[in-house]
Amino acid sequence: MERAPTMTAVPRDWEEFHPRPVSERVPFFTRKGRLYDCLFAQQFDRKLLDHLCRVADHLRAAMKTKEGALAAANLLPHKRAMLYFVQPSTRTFLSFLNACHILGLRTSEIRDTTTSSEVKGESPEDTVRTFSSYVDLIIMRHPAPGFVEKTAWVMNRAKRAVPVINGGSGSDQHPTQALLDVYTLCRSLPGGLDGKTVAFVGDLKRGRTVRSLSYLMKNYKDVKLVFVSPPQLKMEADILAFLKRHHIPYRECDDLTTVLPEADAIYMTRIQDEWDKANESKGMDYSRFNLKQEHLAKLKPTCAILHPLPRRHEIETTIDDDERAVFWRQERNGMWIRAALIAYIFGQDKEVLAIK
Amino acid sequence: MERAPTMTAVPRDWEEFHPRPVSERVPFFTRKGRLYDCLFAQQFDRKLLDHLCRVADHLRAAMKTKEGALAAANLLPHKRAMLYFVQPSTRTFLSFLNACHILGLRTSEIRDTTTSSEVKGESPEDTVRTFSSYVDLIIMRHPAPGFVEKTAWVMNRAKRAVPVINGGSGSDQHPTQALLDVYTLCRSLPGGLDGKTVAFVGDLKRGRTVRSLSYLMKNYKDVKLVFVSPPQLKMEADILAFLKRHHIPYRECDDLTTVLPEADAIYMTRIQDEWDKANESKGMDYSRFNLKQEHLAKLKPTCAILHPLPRRHEIETTIDDDERAVFWRQERNGMWIRAALIAYIFGQDKEVLAIK
Amino acid sequence: MERAPTMTAVPRDWEEFHPRPVSERVPFFTRKGRLYDCLFAQQFDRKLLDHLCRVADHLRAAMKTKEGALAAANLLPHKRAMLYFVQPSTRTFLSFLNACHILGLRTSEIRDTTTSSEVKGESPEDTVRTFSSYVDLIIMRHPAPGFVEKTAWVMNRAKRAVPVINGGSGSDQHPTQALLDVYTLCRSLPGGLDGKTVAFVGDLKRGRTVRSLSYLMKNYKDVKLVFVSPPQLKMEADILAFLKRHHIPYRECDDLTTVLPEADAIYMTRIQDEWDKANESKGMDYSRFNLKQEHLAKLKPTCAILHPLPRRHEIETTIDDDERAVFWRQERNGMWIRAALIAYIFGQDKEVLAIK
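So the protein sequences, as listed, match chains A, B and C.
Mapping of the first sequence onto my numbering: residues 1 to 356, in sequence order.
Mapping of the second sequence onto my numbering: residues 1 to 356, in sequence order.
Mapping of the third sequence onto my numbering: residues 1 to 356, in sequence order.
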């Protein structure tokens, strides 16, 4: 794959490149007009989102038969992926691992840096480049913001480039989580996401998923957002400014019950008390932002209930049996859309659509 | 796969279900008259035992050629298994992992819960259901008694059921160990297990394997058992009562040498001092229950020597070279019979028998 | 595979066998005139080195197309390997793992002994034999010198032998590292390694790789060696004696700049301060043995720059972009030559050469 012509103007120095706006950095991670490294939610436009959803849908359907499954596993059996997960995250890890297996990729795992050569004084860039030597794809989760992007930068400048997928990078970006959320909304809502009202509930201030998902809303028409949270955990100003700039109507409130009847989808979230600075979550009555069995009667019959999981008490477990609860399917959707993304990066998306 | 009709009467509440006798719980883990979740040694009757042994034999033979191995690997390449081993056990883990690989399944591993989301306050049931989202089979080892069964219960009640195999659950059940022991006895004894005399030697009080294996003896005709142990480590009363109820003759003694000439098989076991309450094993002369080179002359020429391994000093290493020592084959048999079980659960047992 | 006739005279006792010279032990690890267990660099002669390099070259070329990759993966899909890496080494581990995957082998990993049954009082020999039960190949890295060889010895004497590859054994042997270094030199130097001048730079006293590589030089004609190191870290006397015995000319110096114009290849190494006894590395000016951008002009246009990696400051990162820097390719070469070695051990080397 060759670098796009726009790449010639890219600075050689990371320190100079990295502070640029995302929109200027995106082309460097693109090849032949196609996303090559998947790093930011901002890389997805409506056309790509619709396409990936269609590929994921098709893959899911194809996997229902042994023939379809073998056809899928025959797409990339000649490729090898490395899952470099320095930050613990079993569910994202398993989701990507099985997405790879669906497409036939062989996989290597690094789930702990203490076994790596970093201890011998090697630079992180050298370590990553070393590990990439053996594979054709890197899927990376790392606690340091920007590290995954820097890896993609380093790899793109090496003689042997390898695509990089961001599986969660510090507190800033987790693009495939946003992707699976959008996929679940589009699949679960009759007629798709256009024109729908989506309520986000809970810790909106610190939840990375609701932030990324809000960004992606600009790709859909006439979506209305309702932000339901304790006053201390309201959505941050940067997102609200973004929504205003893109003319996406929203309102904020702190009473879940009033929102139930109007929502086409409810996106529940867990309180992110691991980010507490002074135990501020302890004194909060978060139970007012939990979905309870008694609420079900007030919901629209087609309302989709989402949750990025893991949950604590945000959704009563008896609700799991309700037809509108889609959060378990949402989790599984992550595997399908990630498989679609990997197929796309390797130019196998049309081949997926051609199965059966 | 559909739930058998008997299932309609099953209580929705685990707390109500779990205290019932095993015989009443077994149907819930059965589908279309077939074992679906493998949880208890009690699920195996003679017909199923013979069938699984035959499938294992056939698989072993088929794997001797590349064509046969490829045919086996072509049975379940469209399925993905997760090995969820929270409790350390490398040998059982490797045995199951390679059993999966023989049949072509792709595998995911969880060998440590500290990397899981349990730390974020998720319930164990949610964690297991999450991990199961991505796969078609769960093989689980867990230190908490009943946890594996509860997982199977939760999964059976979910919209997307996934079979569960018990790879060792607390100190109570380890059904595939009993299965591989029976398989080894049937294979190693001329004419099979019916009519044979089996000596169990060592720590019979606390050895889970000898307990489970004793239960399975009721499936064979005219078997005689001899329990050889220090007085402090005799077989527990519940097993002896079970044997009486099923008219299986047994006798107890504490002198290994007197038993050697009559045994068709000797099942040696390690002292389980990890269950000591007050270092009671320290003062015991366990060496009297070790098999030594000098004993070999007294054994029948066809006597099979078994040991579930790992061993300490229960069998002198020079005995490994004797034709009657089958404990290394016994270990490998675990892989074959587990592969047979997995093939059976996925309805691929007849396909195994049809290879070549 | 049958034991070569010379094997009949081999002593049954490891304590008697192990102290013998390597040349006397090698036949025990050979079958039908072919290397069976790969334990020592001394097992490679010129014919085998040339052959393995040719197989590696062919495999690399074949893997450039999907058809070639599938043909390679179809060579050993019926075999299962176990990577038993008790000592941390992510890069060697990944290199072997992907070498296995290239040939289609399914893999099991043990990367930590705390999960094994060794804790229950099992002997290391029993543990290894247990793990080998499930697989067809063992690739082992172990901190104890001689342990890998002892494993191969134990396995060879068992009824079910399994080949063993040494992935690094204490501080003594790491034969596949020497193999990949030779492969890289042969590939990178115009006309191959015969007649060339190779400079080894850095900590020659404690670097295992330069020691093994020096041994292999006897297989090539008219090679000249230059050892460039601080006086405290000079090459050990045993290697120098070996070179004299085989009439391989060498000279020692401590000034890197004087060597640059004459070298056909420069092999840079890291200071091995983990072997320091009294922090002796701290006071040393190691920077005089680092390769810097300013040195490039003095190098021959075809000079190959190698490094076993990981590096600290031995090679300035700007040099990575120079055409003569082959250390990243060297790392990847490890995967190819290891795949070639595995194919050879399983008698699939001719099949590799027949691809396409």
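Don't read these hints as lab results, they were simulated from the structure.
This one's a predicted model, so the numbers in the text were calculated from it and none came from an experiment.
Even glycine gets a Cβ: it sits at the ideal position worked out from N, Cα and C.
A few of these clues could be false.
Think about it this way: if two alpha-carbon atoms lie no more than 20 Å apart in a straight line, the pair counts; the simulated SDA-like pairs of lysine to any residue are [said to hold, decoys possible]:
no.	chain 1	residue 1	chain 2	residue 2
1	A	159	C	302
2	B	159	A	150
3	A	150	C	122
4	A	159	C	332
5	C	79	B	171
6	C	120	B	171
7	B	282	C	243
8	A	66	B	107
Among the chain B residues that face chain A by a calculated CB cut under 8 Å, a handful are [unchecked claim]:
no.	residue
9	121
10	122
11	126
How the hints compare with the structure:
1. 159(A) / 302(C): holds, 18 Å
2. 159(B) / 150(A): Answer violated: residue 159(B) to residue 150(A) is near 42 Å, above 20 Å.
3. 150(A) / 122(C): violated, 46 Å
4. 159(A) / 332(C): Distance of about 13 Å is within 20 Å: holds.
5. 79(C) / 171(B): violated, 34 Å
6. 120(C) / 171(B): Holds, at roughly 16 Å.
7. 282(B) / 243(C): With a Cα-Cα distance of about 57 Å, the restraint between residue 282(B) and residue 243(C) is violated, given a limit of 20 Å.
8. 66(A) / 107(B): holds, 17 Å
9. 121: holds, 4 Å
10. 122: Holds - the Cβ of residue 122(B) comes within 8 Å of chain A, reaching about 4 Å at its closest.
11. 126: OK, holds: residue 126(B) within 8 Å of chain A, min 6 Å.
When each numbered hint is compared with the structure, violations occur for hints 2, 3, 5 and 7.
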